[in-house]
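Taking the hints into account, I'd like the entire structure generated from these sequences.
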Amino acid sequence: MQQTRSVELGTGLFVLLGLAALFFLTMQTTGSNTLAGEDTYSVTARFSNVGSLKVRAPVAMSGVTIGRVQSVEFDPVSLEAVVVFEIDSRYDQIPDDSDASILTAGILGSQYLGLQAGGSEFSLEDGSEIQFTQSAIIIEQLISKYLFSSSSEKEHE
Amino acid sequence: MLRDIYFTVVGFLRTFGALQLFFLRLLVNSPHIFFGRFRLVVQQVQNSGTLSLVIIMVSGFFVGGVLGLQGYSNLARFNAEDSVGTFAAFSLLKELGPVISALLFAGRAGTALASEIGLMKATDQLSAMEMMAVDPLPRVLVPRFLGGVISMPLLAAVFSAIGLLGAHLVGVNLLGVDAGAFWQQMQSTLDMSDVYEGIIKSVVFGVVVSLLAVWEGYNAIPTAEGVGRATTRTVVISAIAVLILDFMITAMAI
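Heads up: the sequence lines are chains A and B, in that order.
Its first residue numbered 1, the first sequence is counted upward by one per residue in this note's numbering.
Its first residue numbered 1, the second sequence is counted upward by one per residue in this note's numbering.
I should point out that these hints are in silico values taken from the structure, not numbers from a laboratory.
If a hint is listed, it holds; no wrong ones were tucked in.
Partial selection, computed: residues in chain A whose CB lies under 8 Å from chain B:
{"#": "1", "residue": "E8"}
{"#": "2", "residue": "T11"}
{"#": "3", "residue": "F14"}
{"#": "4", "residue": "V15"}
{"#": "5", "residue": "L17"}
{"#": "6", "residue": "G18"}
{"#": "7", "residue": "F24"}
{"#": "8", "residue": "L25"}
{"#": "9", "residue": "T26"}
{"#": "10", "residue": "K54"}
{"#": "11", "residue": "R56"}
{"#": "12", "residue": "A57"}
{"#": "13", "residue": "T65"}
{"#": "14", "residue": "R68"}
{"#": "15", "residue": "S110"}
Coverage of chain B stretches by chain A, computed from C-beta distances (three or more under 8 Å per stretch; other residues unrestricted):
{"#": "16", "segment": "37–47"}
{"#": "17", "segment": "153–164"}
{"#": "18", "segment": "183–195"}
Computed list of chain A residues with no C-beta within reach of chain B, every gap over 10 Å:
{"#": "19", "residue": "D39"}
{"#": "20", "residue": "G51"}
{"#": "21", "residue": "S62"}
{"#": "22", "residue": "E73"}
{"#": "23", "residue": "E80"}
{"#": "24", "residue": "Q93"}
{"#": "25", "residue": "P95"}
{"#": "26", "residue": "D99"}
{"#": "27", "residue": "G114"}
{"#": "28", "residue": "F132"}
{"#": "29", "residue": "Q134"}
{"#": "30", "residue": "S135"}
{"#": "31", "residue": "I143"}
Given the structure is predicted, the values throughout are model-derived calculations rather than measurements.
Cβ coordinates follow ideal geometry from the N, Cα and C atoms, glycine included.
Here's what the structure looks like:
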């Protein structure tokens with residue numbers, strides 16, 4: 001009797017583990033939040049185009065990750081994309097006139113939010129908004145710009 | 001010469017046909033064993049599933065780790081090391097998870113099934129059951145078949161999940177890929193159809209490997225040598241069948 005019970009217990013645990021693994025694979029949402037549990041403050045920035053910036057993308061300053069994108073939404077009134085991101089509160093000395101741009105890590109890499117330090121005496125704090133932003137560079141637009149400008153130059157010659 | 005070819009072809013077709021009939025008999029007997037004698041099935045899930053967990057988890061972890069290393073070093077040439085999560089998830093979910101689990105499952109559980117049934121036959125236990133008017137097929141073969149069919153998809157899922165954790169450990173904690181980029185790229189690239197493809201593969205492989213193991217054991221020549229050959233054939237034929245079917249399912253899914 002004791003043995004049957006342990007067999008049933010083992011099988012039950014195995015099936016549960018398998019189903020949990022299946023659930024994990026289907027959801028794949030776990031992700032390790034490097035900022036979880038740490039203090040953060042959130043800052044807003046508005047862009048005319050965010051490219052393919054996604055929630056949880058890194059926020060980097062001088063190439064070092066200092067925070068994460070919290071949400072990317074579209075504001076129907078100002079017709080702009082509103083990006084809210086949180087910065088580790090260890091970095092509370094960032095000038096409030098710093099500018100934010102959406103950059104791509106490598107050619108195939110994912111997009112991230114890059115901050116460039118400004119010169120203001122005041123620093124960013126919870127709820128503040130970044131004034132100077134630069135939208136994502138869309139490669140297709142660049143290419144078409146280049147193509148059309150070179151062809152119009154030829155016409156002038 | 002021609003005669004030989006003729007008999008080989010006819011012999012192959014006869015074996016193949018007999019295998020299909022055997023499969024049908026297993027299927028017909030499956031529902032009433034599953035609902036009526038669930039205990040027997042639980043016992044076999046324990047034998048072929050729970051006891052295979054260690055080999056599956058260890059292999060999965062290291063396969064995932066290797067994917068992390070290889071993916072990182074090759075993607076870094078294109079400055080795309082952030083995609084290592086996508087790379088590992090694609091490989092694990094669609095190919096390596098189901099295929100390697102099936103091969104390991106054939107080696108760990110398939111051989112055990114084949115030799116157990118073969119020895120039952122060699123020691124006349126199956127004949128003894130027939131003498132008592134108990135059909136050994138539902139009582140002995142069907143629970144073992146069902147146990148394998150239930151275990152295999154779960155083992156493949158565990159393999160892929162542990163593999164992802166291994167890839168995460170190597171890619172993020174060891175080589176310094178950003179954790180957010182690792183998961184975010186993976187989530188934006190993969191969709192449910194990729195997960196389904198892996199699940200379908202693991203179910204098909206589970207059915208095929210269990211069927212072949214039970215079949216080889218049941219048809220083993222009842223001697224020590226015959227049982228040994230049945231075990232070997234189980235691994236060889238399962239491996240070939242799994243790899244060919246993997247190609248076919250992938251071709252159908254694309």
